[in-house]
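Kindly generate the complete structure, drawing on both the sequences and the hints.
2 protein chains.
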Amino acid sequence: MANTPITIAHGDGIGPEIMAATLHILKEAGARLDIEEIEIGKKVYLTGNSAGIAPESWESLRRTKVFLKAPITTPPGGGFSSLNVAVRKTLGLYANIRPCVSYHPFVPTKHPVMDVVIVRENEEDIYAGIEYRQTDQVEECLKLISRPGSEKIVRYAFEYAKKFNRKKVTCFIKDNIMKRTDGLFHKIFDQIATEYPEIEADHRIVDIGSAKLADTPENFDVIVMPNLYGDVLSDVAAQIAGSVGLAGASNIGEQVAMFDAIHGSAPRRAGQNLANPSGLFHGAILMLVHIGQQDVATLAHNAWLKTIEDGVHTFDIFKEGVSREKVGTKEFAEAVVARLGQKPETLKTVEYKPDAGSAASDAKPIYSSPERQKKELVGVDVFLDWFNGKFYGVADELGALVEKVNGEGLKLQTIANRGVKVYPNGLPDTFTVDHWRCRFVSDAGEGNTIDKKQLISLLQRFNDAGLDVIKTENLYNFDGAKGYSA
Amino acid sequence: MANTPITIAHGDGIGPEIMAATLHILKEAGARLDIEEIEIGKKVYLTGNSAGIAPESWESLRRTKVFLKAPITTPPGGGFSSLNVAVRKTLGLYANIRPCVSYHPFVPTKHPVMDVVIVRENEEDIYAGIEYRQTDQVEECLKLISRPGSEKIVRYAFEYAKKFNRKKVTCFIKDNIMKRTDGLFHKIFDQIATEYPEIEADHRIVDIGSAKLADTPENFDVIVMPNLYGDVLSDVAAQIAGSVGLAGASNIGEQVAMFDAIHGSAPRRAGQNLANPSGLFHGAILMLVHIGQQDVATLAHNAWLKTIEDGVHTFDIFKEGVSREKVGTKEFAEAVVARLGQKPETLKTVEYKPDAGSAASDAKPIYSSPERQKKELVGVDVFLDWFNGKFYGVADELGALVEKVNGEGLKLQTIANRGVKVYPNGLPDTFTVDHWRCRFVSDAGEGNTIDKKQLISLLQRFNDAGLDVIKTENLYNFDGAKGYSA
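Chains as they are written, first to last, in our numbering: chain A, 1 to 486; chain B, 487 to 972.
Hints in this document: simulated from the structure, not taken from any laboratory.
In this text, a Cβ means the ideal position worked out from N, Cα and C, and glycines have one as well.
All the given hints hold, so there is nothing to weed out.
Computed Cβ-Cβ distance ranges for the label pairs, DEER-style:
#: 1; chain 1: B; residue 1: T680; chain 2: A; residue 2: P267; range: 27 to 35 Å
#: 2; chain 1: A; residue 1: E218; chain 2: B; residue 2: K816; range: 35 to 43 Å
#: 3; chain 1: B; residue 1: N651; chain 2: A; residue 2: E325; range: 47 to 55 Å
#: 4; chain 1: A; residue 1: R268; chain 2: B; residue 2: P594; range: 33 to 41 Å
#: 5; chain 1: A; residue 1: K319; chain 2: B; residue 2: G778; range: 48 to 56 Å
#: 6; chain 1: A; residue 1: R461; chain 2: B; residue 2: E704; range: 56 to 64 Å
#: 7; chain 1: B; residue 1: A506; chain 2: A; residue 2: G393; range: 35 to 43 Å
Just so you have them, the derived chain A footprint on chain B, three or more residues with Cβ under 8 Å:
#: 8; segment: 624-634
#: 9; segment: 664-676
#: 10; segment: 710-721
#: 11; segment: 739-751
#: 12; segment: 904-914
#: 13; segment: 945-955
This is the structure we're talking about:
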């Protein structure tokens, strides 16, 4: 079989040691790899490259499309941006996958039975970091959820479940509150789930779902989530499994994929043959399956499980009474190599199914282009910066001012403050800040279409009235259904 | 001492039973209360009142300003809105406080040492639910964080810590990503913390903070958070403490405060003298401290702890080998009453400090009105709905179209898609959806002021060019510092 070209980076701190150990195991397990090396991290940052990766390195990544990355050190002081963010954004790595497994009784955990995979959307949601301050008192951040972005991540989760023999995919969302954004994610989850009848699909509201995950992780399998929830819960899951030092991750794009350990470069442990190479090793296992070398992944992973089970442990997981032999980085790798061909007895054996050529015929487009719905402009929310020194009982005063800009077919319907309606007929108990949403609809009634020229004239009238418009959000119907919240 | 008027509601399901048990303990402990009763919940919903509370009931709440509420049942079928949301919004209850305590070895938990209080902001953040669909592919939700809103909740957390003898307040935020919104919350936390030198203050990034909380809750004391994080982590904390059925909560406004159990009305258990009244009882303890009856709270709470310690347990926490006597709702209340004056031996005794008249002199305004900063309009982000059927490599085409609307002192600076810059000099790997942000600044350079008329003309030119503007966000400097993200 032909070798697969991959790109690797040795990284900083303990990076070179754990990379050497990982590659040694892979080689002895018969991995069929042609390895290109690139330089990333501290050295590159210190040449004045603020992203920590040289421009020519992108060529290698775009050529091999597979990147096994050791942890790096970002130098102290400002001006350096995150290498992971640069790689993710540049290469469009939309999926972050983190398996969180406990190895009871060989590694201490409060959760003896735990084998959860967090699949996190990694390009959108509120983590796009689009923020504005437009009044004295209020800061705003935009949360964006897209149909194709959600399709990509949800489909990836189900394909992952299929490839790794998983039984269930759970979706975490908060669509009782965020009916449109999280509602879209949920709707797409339900649609795509029907294409995988052999895999169980369910969903949880993120608050109670998180509580159950933290308490009884044994009831979960694969969990797919928008970016923010995934960020928080992938850290929760790794921590409670007791496996932060043992876990690997993959970052998947349409073209390129990156594999790494979830821990950092631990500079204090560097150069002492101390570090545990297991995190990067698990990243490499994910890589082997990704490139179709399931046979090698199965062989190497079972040997690793047997090593852990035999009590051959590096310092970080060594525990008197549980462990049998404390070893260094190199010796740990040798112990795994010595067990190639063996399987664990207590821990669960792994068996990665070969794709057997069916992958290609099964392949579905990862996002769709359904026919566009009919979009009609039916109003506008005009946001004002307005403050008269008081936090209570001022909405009617503002209402009277805003009523004056009615005209040319548009009329003020409501004014709201932080999502609570305050005009007309507001309540005296409502605390208001200096950030007001004035909703205008057709004076023929809500739902009637208006045109852009009416909006522009409205903004002109606001300006003439001396009212400080800070932002606008147009209101649309799609195929006749409201596209905006109350 | 004069009695304190309070309003109570018996609720639905197990509500009446646990309310009766709670009031019995309070009475025997010497609580000085004048009780007004209101009707809420199922019966009220079924009269056609969609909020589950009659208009005249608000008068009682506004008069007594203290509400002890049993759980209610929302009838099946749509059209009923959440009573809790109605009460919170109407009365401006900005703080949700949930103590999460484990009672090892008397109630099973994986976390024997846990005594955490979650203080959740309850009016703003992304939970305002302000959402828009403006393109075929993208949904948007606005996250709003205000200075006075953050001041209120952070100050409440520190005042709570002071009143309840707590040593540390931790702030959870994600301000490495949301530098402006979560950054504001963090900045206010740091400012207010300096006014409480006797209380330790620290902060955690919400991902790793959540992981640590789920794994080692014994290291946390009071945690204050924006709405979303607080929602998720208050559920996580209650669940892992093993105390969902035992926990109470308070909801605090500037005028009115509401106290309740965190569990629901459990209709299947109703009318059988089975239910555990401890959740509502703990809500009542918070109420007693709130109204200055610390002596009664101390007496009743210690008797409750002694009852739990003596193994007198309702069915929900009864466990062979740990519990000694399985009792019903009424008998549990009697057991607590019989122990009034006793203190626990294994569990920690509680001792609520009397406010001793110093509260009034210590009182600080809960939000400030600092001098307004100088605000200058320096640009605008114009968002477009644009799609030519492709998800890659189309930004330059759009860029050429948008360059044509430059003029009258404004020029296109960048185009971004879901927060990633795609024009000029975008990358071919970047996946783009139909939602584009076009940033315009003064043609004299970014940071130069512009005026509203220039913005209105720009929108006119967009319209003339046939480009579909869906929303705008103005860009401002405050005292010369940028008020917007890159």
